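Protein chains in written order, with my numbering: chain L, 1 to 102; chain X, 1 to 138.
It is worth saying that the hints were derived from the structure and are not from the lab.
Note that the structure is a prediction, hence the values are computed from the model and not measured.
It cannot be assumed that every hint is accurate.
Claimed, not checked - Simulated crosslink set (DSSO-like; lysine-lysine; CA at most 27 angstroms straight-line):
#	chain 1	residue 1	chain 2	residue 2
1	X	Lys-135	L	Lys-90
2	L	Lys-89	X	Lys-120
3	X	Lys-12	L	Lys-33
4	L	Lys-89	L	Lys-73
5	L	Lys-33	L	Lys-74
6	L	Lys-89	L	Lys-74
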Amino acid sequence: MTLSINANNNEVTGAWDFKLVGEIDLSNAHYFKQRLEAALSEKKQNIIVDLANLNYIDSTGLGVIISVYGSIKKDGYSIKLLNPRDNVKKLLNISGLDRILC
Amino acid sequence: MPDYMKMSVPGKPEFVGTVRMTAASVASHTGFDIEAIEDIKVAVSEACNNTVVHACKSNVTEYSVEFESAETGLTITVSDEGTGYDVQTYEAPVIGELNEGGLGIFIIRALMDEVDITSKPGTGTNIRMTKYLAKAIA
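Excised from the complex, chain L in its bound form (with noise of 0.2 angstroms):
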């Protein structure tokens, strides 16, 4: 599956922006943890992740999400969920994700 991801630091807000265009399942799942892992070791600061053209995600991904957050959570920093499609909004709406991250 094509996963195409964006990172930039924003120094203006003081976090990472994450544009993720594509689809995220177990195929390319390492990658975007790879992706966040390799953002955060760089330069640890709270992560925005815009999901407008995120196709599809499926338990891998967001398993990516809930451990990046996990590890992150301790220091103070958080991950930010924003637009998300219908269909990725309902995978978080049953995942508990949206209540904490969106």
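Place chain X on chain L using the hints.
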């Protein structure tokens, strides 16, 4: 008379998307709307993920996916001949506590109308899930 289709899938992550696209096509043919098709795509992918991660990491190189398209809805069965597991040990994640484990099965149960999982250590795993058309429920 239901339409029946069976595919044999390599136990590799990159083929889960192929099953997902096939499921979307069969669901559309069955008569589901876009929201239901999205539900079916996710559910079948989660079942395949379960197989690839658990069964195919050991001795299994492929698994099967069966589609049964009927006037009342669509039944999909994902089967492997892996090591299996004790279904009784499955623990659903506690929503709000953000657990990673068990999320796939939890999502399948949330999105499909009927889900039956049979698995025992040494006999493989069979996940059978059905979604009914709205007109069949009405």
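Earlier hints that do not hold, by number: Checked against the structure, the only hint that fails is number 2, while the rest are satisfied.
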